[in-house]
Each structure stands twice: as structure tokens, then as C-alpha cells.
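Put together the whole structure using the sequences plus the hints.
Chains W and G are the protein sequences, given in the same order.
If you count the first sequence from 1, position 85 lands on 85 in the numbering used here, and the numbers rise without skipping.
If you count the second sequence from 1, position 514 lands on 514 in the numbering used here, and the numbers rise without skipping.
No lab work stands behind these hints, which were simulated from the structure alone.
Even for Gly, the Cβ is constructed at its ideal location relative to N, Cα and C.
Check the hints yourself; a few may be wrong.
To be verified - These stretches of chain W come out as covered by chain G in the derived footprint (C-beta under 8 Å, 3 or more residues): (1) 22-28; (2) 38-45; (3) 67-77.
What the hints assert, rightly or not - Simulated pairs of lysine to aspartate or glutamate, DMTMM-like, Cα-Cα distance not exceeding 25 Å: (4) G:K90 to G:E408; (5) G:K480 to W:E82; (6) G:K480 to G:D286; (7) W:K72 to G:D487; (8) G:K480 to W:E9; (9) W:K43 to G:D369; (10) G:K330 to G:D401; (11) G:K330 to W:D21; (12) W:K43 to G:E367; (13) G:K330 to G:E408; (14) G:K480 to G:D401; (15) G:K330 to W:E9; (16) W:K43 to G:D450; (17) W:K43 to G:D432; (18) W:K72 to G:D485; (19) W:K72 to G:D401; (20) W:K72 to G:E324; (21) W:K72 to W:E82; (22) G:K330 to W:D15.
As the list claims (entries may be wrong) - Quick partial rundown of chain W residues pointing at chain G, CB under 10 Å, derived from the structure: (23) E9; (24) R10; (25) D15; (26) G54; (27) V62; (28) Y84; (29) Y85; (30) D86.
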Amino acid sequence: MTSAHDPAERLYWLDNPGNVDRLVRGFYAVCALLLLLDLFIPKHGSFAIEHVFGFYALFGFVACVTLVLVAKQLRRIVMRPEAYYDR
Amino acid sequence: MIGELAPGLILIFGALLLPLLRGWLRAGYMLALPAIAFLQLIAMPDGSLGHMEMFGLRLTTVRVDELSRFFGYAFLVAALLGAIYALHVKDTVQHFAGSIYAGSALGAVFAGDLLTLLLFWELISLASVFLIWAARTPRAYRAGMRYLIVQIGSGLLLLLGLLLRYHETGSLAFDRIGLESPGGTLIFLAFGVKCAFPLLHNWLQDAYPEATVTGTVLLSAFTTKVAVYALARGFPGTEILVPIGAIMTAFPIFYAVIENDLRRVLAYSLNNQLGFMVVGIGIGTDLALNGAVAHAFADIVFKALLFMAMGAVLFRVGTVKGSELGGLYKSMPWTTGFCIVGAASISAFPLFSGFVTKSMVIAAAMEQDRLWIWLVLLFASAGVFHHAGIKIPYFAFFAHDSGKRCREAPPNMLIAMGLSAALCIGIGSFPDQFYALLPFQASFHPYSPDHVAAQIQLLFWSALAFTILMRTGIYPPELKSTNLDFDWIYRRLGRSFAEIVGWSAARLWTVFASAIGDRTSRLIDAVRSEWSSGGIPARMTHTGSMVFWTTLLLAAYLILSYL
Chain W
1 MTSAHDPAER
11 LYWLDNPGNV
21 DRLVRGFYAV
31 CALLLLLDLF
41 IPKHGSFAIE
51 HVFGFYALFG
61 FVACVTLVLV
71 AKQLRRIVMR
81 PEAYYDR
Chain G
1 MIGELAPGLI
11 LIFGALLLPL
21 LRGWLRAGYM
31 LALPAIAFLQ
41 LIAMPDGSLG
51 HMEMFGLRLT
61 TVRVDELSRF
71 FGYAFLVAAL
81 LGAIYALHVK
91 DTVQHFAGSI
101 YAGSALGAVF
111 AGDLLTLLLF
121 WELISLASVF
131 LIWAARTPRA
141 YRAGMRYLIV
151 QIGSGLLLLL
161 GLLLRYHETG
171 SLAFDRIGLE
181 SPGGTLIFLA
191 FGVKCAFPLL
201 HNWLQDAYPE
211 ATVTGTVLLS
221 AFTTKVAVYA
231 LARGFPGTEI
241 LVPIGAIMTA
251 FPIFYAVIEN
261 DLRRVLAYSL
271 NNQLGFMVVG
281 IGIGTDLALN
291 GAVAHAFADI
301 VFKALLFMAM
311 GAVLFRVGTV
321 KGSELGGLYK
331 SMPWTTGFCI
341 VGAASISAFP
351 LFSGFVTKSM
361 VIAAAMEQDR
371 LWIWLVLLFA
381 SAGVFHHAGI
391 KIPYFAFFAH
401 DSGKRCREAP
411 PNMLIAMGLS
421 AALCIGIGSF
431 PDQFYALLPF
441 QASFHPYSPD
451 HVAAQIQLLF
461 WSALAFTILM
471 RTGIYPPELK
481 STNLDFDWIY
491 RRLGRSFAEI
501 VGWSAARLWT
511 VFASAIGDRT
521 SRLIDAVRSE
531 WSSGGIPARM
541 THTGSMVFWT
551 TLLLAAYLIL
561 SYL
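Next comes the structure, spelled out in C-alpha cells:
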């Protein structure tokens with residue numbers, strides 16, 4: 001292993017924060033387009049809830065935010081030092 | 001075809017020669033074993049083989065039908081990929097144990113009766129624990145010991161269950177068992193331990209991340225999938241499996257989000273993927289069962305691939321803790337790429353394997369109008385993308401540049417990862433060829449426009465949630481930590497209890513001994529003079545020799561009964 005940020009080391013495209021921002025903005029645009037796509041796709045699902053506009057997109061978003069927020073609270077209860085069982 | 005030799009026995013007996021071989025010869029031999037077993041399985045016709053009479057019981061040691069054949073192929077693919085991945089390893093223990101382990105998993109899948117199943121069930125435990133111990137750290141030793149105790153416990157449940165069942169039905173046949181009798185319930189529990197049912201699950205997250213780099217890849221493929229096969233064989237359509245499986249899909253992902261050891265994150269996500277299979281077996285329709293076993297195949301490959309990628313990181317950097325990694329895409333671009341393929345597959349992106357397998361289980365739940373189960377599975381699908389699909393590659397290869405620089409993974413690891421990645425894409429892109437191998441009759445077409453659109457929307461908006469939480473700093477950082485799970489009950493509470501009991505007993509004994517005082521010591525002296533060398537009992541034959549002669553007699557009986 002060599003040390004990081006060697007001046008001779010090649011700079012990667014992702015090393016530029018501006019490029020990361022560009023990537024993220026592009027990703028936001030794709031997400032918006034996918035939501036709009038919902039208007040044009042004929043749905044065949046058997047549950048009524050599936051036919052609500054943007055169901056899958058919003059479900060995915062809410063599910064993941066809930067997952068992370070609950071897991072963050074879970075840390076308060078279950079997190080211990082790394083060597084907890086080694087003592 | 002080599003006579004009637006079962007594919008599993010090729011790997012088990014073949015392993016005996018491994019320690020004698022060195023260098024390229026051993027490498028070639030390690031690859032040849034699963035390849036020969038594969039050809040043998042292709043050549044074997046459906047039906048029962050290897051009938052044996054033992055203690056008046058009729059055993060069917062090999063049963064080949066569409067279900068066992070399908071798992072056989074899956075296990076041989078895993079054995080071959082695992083062998084390629086382990087070629088650079090010089091540790092004979094791991095090669096030997098790995099081959100026996102793969103062979104015994106195959107043996108269990110082809111077992112036509114419960115006694116043969118039990119034999120291989122125990123061999124799986126014994127062989128696999130050496131892949132954990134081979135890490136040769138005190139942590140691995142203790143985790144392996146706990147793993148072994150749980151696995152042997154599962155074997156004992158199976159033994160009790162099959163004895164009861166034999167008593168109830170007079171048969172040891174391994175077909176549909178059901179929960180109607182006490183024997184069946186014990187067997188169900190035995191399978192449940194190995195399948196990591198909720199509250200019986202912790203051995204998995206405890207032990208797998210402590211195993212060797214190459215050992216974990218094999219572990220992820222066999223033990224739990226043997227249990228999935230056993231459930232599919234013995235308990236299809238058992239209603240209780242549906243809620244059990246649903247809890248398995250949802251519960252572990254909360255832990256996966258806050259876990260720092262990335263191989264442990266994968267162990268939690270393995271538990272989550274097993275949940276989808278268990279739900280499918282519980283629903284029990286042809287479509288659901290096809291979905292369960294197809295997803296088992298897909299999971300064997302993509303989970304192996306993800307463990308390979310994290311193993312490569314561990315091998316090169318020396319750690320897989322999220323808090324210490326980041327920016328490795330610069331040093332390990334190929335590993336990064338293969339890991340992303342594995343991540344896309346487990347997340348069920350269209351064109352990758354998980355998409356064409358997991359959706360069968362979800363569609364089967366939909367067919368039966370199980371709204372709540374469907375919602376849980378959908379939640380777990382979004383969650384798995386979050387913790388396995390994004391978290392694993394992101395924290396290891398991107399995120400904040402840790403400054404760590406290393407070499408790319410060795411060529412054999414890259415080849416194993418490349419082949420696994422190709423298989424993930426192959427299954428996902430050409431599902432009809434893969435579906436043709438499935439054991440049950442059910443047609444399914446994953447690539448309808450609304451299904452593809454729904455899945456892409458679900459996944460992209462899950463990723464959107466991750467991106468926003470990350471950029472706003474709400475996402476919990478990777479922290480060095482241990483997260484308490486159910487194993488706390490036996491690792492901490494149980495130990496404290498034992499310590500208190502031990503301490504109390506010692507105190508009691510001190511009080512008791514001083515109270516009895518001299519009388520005891522006089523008694524002990526008397527006993528000692530009677531029983532020590534020169535006393536009558538000492539002049540008689542030793543108990544050990546009695547055990548020896550009994551064993552010899554039993555062995556002689558066993559041999560004679562074969563003649």
C-alpha cells in the first residue's frame with residue numbers, strides 16, 4: 001500500500017466534487033422522469049394500491065427513509081463498543 | 001458416468017487425495033472434482049439408487065428427481081466457483097474441509113431418507129466449522145465453537161424428530177413431512193435452525209464473517225441452502241412459513257444498515273434473502289416453489305460473488321470495516337465492477353438474476369391476494385437495495401477516500417468473480433433457459449413493461465432516499481461497534497447466569513465443607529485406602545477396556561450384518 005494523495009497520483013473524474021454534483025443532479029432528473037413514466041405505463045397489478053400514481057417510486061422512497069431512521073434509533077439500544085464480547 | 005457413485009461422494013472421497021497433491025497438480029485436481037461430479041449428475045437418470053438395509057431399515061441413499069437435481073447443479077456451480085476463488089490459498093485444511101463440505105451438502109440434497117439426511121447434516125456441520133477455525137484467530141475459534149454447538153443442536157433435533165417419526169409412521173422416507181405430528185415438528189425446528197429462522201438466526205451473523213476469505217464464500221452457498229431444500233421437500237405449503245419468512249426478509253435489514261463489518265452486512269442480507277425463499281415455500285403453489293428454489297440458485301451465485309468481492313478487499317487491505325474503507329475503486333477497478341454486478345443482482349435490477357427469481361415469489365403472494373405479505377416483501381426489496389446494493393459497494397469502493405491503496409485481487413479471484421458475474425447476467429437476461437431447469441410446472445414472464453417499470457421506479461427512488469440522506473448528513477455514519485442481537489442471550493446473559501451459579505455453588509461448597517469438617521476427610525481417607533492401587537476395585541478390569549470391547553463387538557456386528 002502507498003500513501004494517499006501522492007502528488008504524482010492520477011486525479012480521477014470522481015475526485016472533482018463538481019463532477020459528483022453533476023452526477024447527482026442527473027440522477028435526480030432520471031428519478032423525476034421515472035415518476036412521470038408512471039402516467040404512460042398500463043398497469044395490470046391485482047392490488048388497487050398499485051394503481052395509485054407513483055406508488056412504487058414513493059413506496060421505495062418512504063420505505064428506505066423509514067428503514068434508515070428506525071435503524072438509527074436501533075443503534076441507541078443495541079450499539080456497544082467493538083470489543084464488547086472480548087472482555 | 002462412474003457407476004452409481006453419487007456426486008457428493010466424488011467430492012468427499014476425492015478430498016482424501018487432496019493432501020497428497022501439491023502446486024499445479026492440486027489446483028487442477030480441485031477444479032476437476034466438481035467438474036467430474038457435474039458430468040456424473042448430468043449422466044444420472046432420475047430415480048432412486050444406493051438402496052441399503054441397515055438395522056432392518058431400508059435406506060435410499062441417493063434420490064435423483066427434478067428438485068434434488070436442481071439443487072445439485074446449484075451446489076456444483078458453487079463448489080466450482082469456490083474452488084477457483086481459493087486456488088491461491090496454500091492451506092490444505094481449507095481445501096480438504098471445503099471439498100468435504102460441498103460433498104456433504106450434495107449428499108444431503110440427494111438423501112432419499114431421513115437417516116442419510118442426518119448423516120450428511122452432521123458432516124456439513126463438522127466440515128464447515130474448519131473453514132471458520134482456519135482463520136486461526138481467537139475470535140474465529142470462539143465463533144466456530146458457538147456455530148458448531150448450534151449446528152450439532154440442529155442435528156440432535158433432527159435425530160429426535162426422525163426417531164419419533166419412525167415410531168409414528170414406521171417409515172424414514174424423506175418426502176412431505178408436515179407439522180401434524182411431534183416428530184414432524186422437531187424436524188421442522190431442526191431445518192429452521194439451519195435456515196436461520198428468526199431468533200434461531202444468530203449463528204449465521206456470528207460465525208460467517210469470522211471465517212477465512214475463501215471459507216465464507218463456500219459457507220454462504222451451502223448450509224442455509226440445504227435447509228431451504230429440506231423445507232421445500234418436507235414442508236411445502238406449510239402456512240406458518242409465510243409469516244416466518246416475511247419476518248426474515250424485514251428484520252435483519254435494520255441491523256444491516258447499522259453494521260460496520262461489511263461481511264456481516266452480507267450475512268444479514270443472506271438472512272433477508274432466505275426469507276424470500278421461506279415465504280415461497282410457505283405459499284406452496286408451483287409458481288411460489290419455483291420462485292423459492294430459483295431464488296436459492298440465484299442467491300448462491302450473487303451472494304458468493306458479493307462475499308468474493310468483500311473477501312478480495314479483506315485479502316488485500318486487511319479489513320472489511322466500512323469505517324476504514326473507501327475509494328478502493330482506484331486500486332481494485334475489476335473487483336469494484338464485479339461487486340456492482342452482484343449488488344445489482346441481489347437488488348433485482350432488470351437483466352440481473354434476482355429480478356427473474358425473486359419476482360416469482362412476490363407474484364405468487366400477489367396471486368393469492370396476500371396484501372400484507374406483499375407489502376412486507378416490497379419493503380424488504382427496497383431495503384435490500386439500500387443495505388446490500390448500495391451500502392456494500394459504496395462504502396468499500398467509493399464514499400470518502402480512505403487513502404488506502406493496494407493491488408487488484410489475484411487473477412484466480414478475478415476469474416471466479418467474473419464467472420459469477422457472467423452467470424448473474426446470464427440468468428437475468430435469458431430467464432427462459434434458466435426456467436427450463438426448474439422442478440415445477442409454472443409459466444412466468446418477468447419482462448412485462450409494467451413489472452420492469454415498477455421495479456426500476458422502486459429501486460431508483462430507494463437510491464434517491466439514500467442519496468438525499470447521505471448528502472444531508474442524516475444517514476448514520478459507519479462506526480466501529482458491536483450491535484447486540486439475539487446472541488446476547490447466550491453470549492452474555494447465559495454466561496453471567498452460569499458465572500453466578502458457579503460462584504454460588506463454590507460458596508455453598510465452602511460453607512458445607514467446613515461444616516462437615518473432619519468427618520468428611522476421615523470418610524475420604526477411608527474411601528481412598530479402599531479404592532486406591534492395591535484396593536479391590538483397582539485390581540479389577542478397567543471401565544475403559546469394557547467400553548473398548550463393547551465397541552469392538554458392535555463394530556463386528558455391523559460388519560457381519562453387511563455380509
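* Asked: Among the hints numbered above, which are violated by the structure, and what are their numbers in rising order?
  -> 6 and 8
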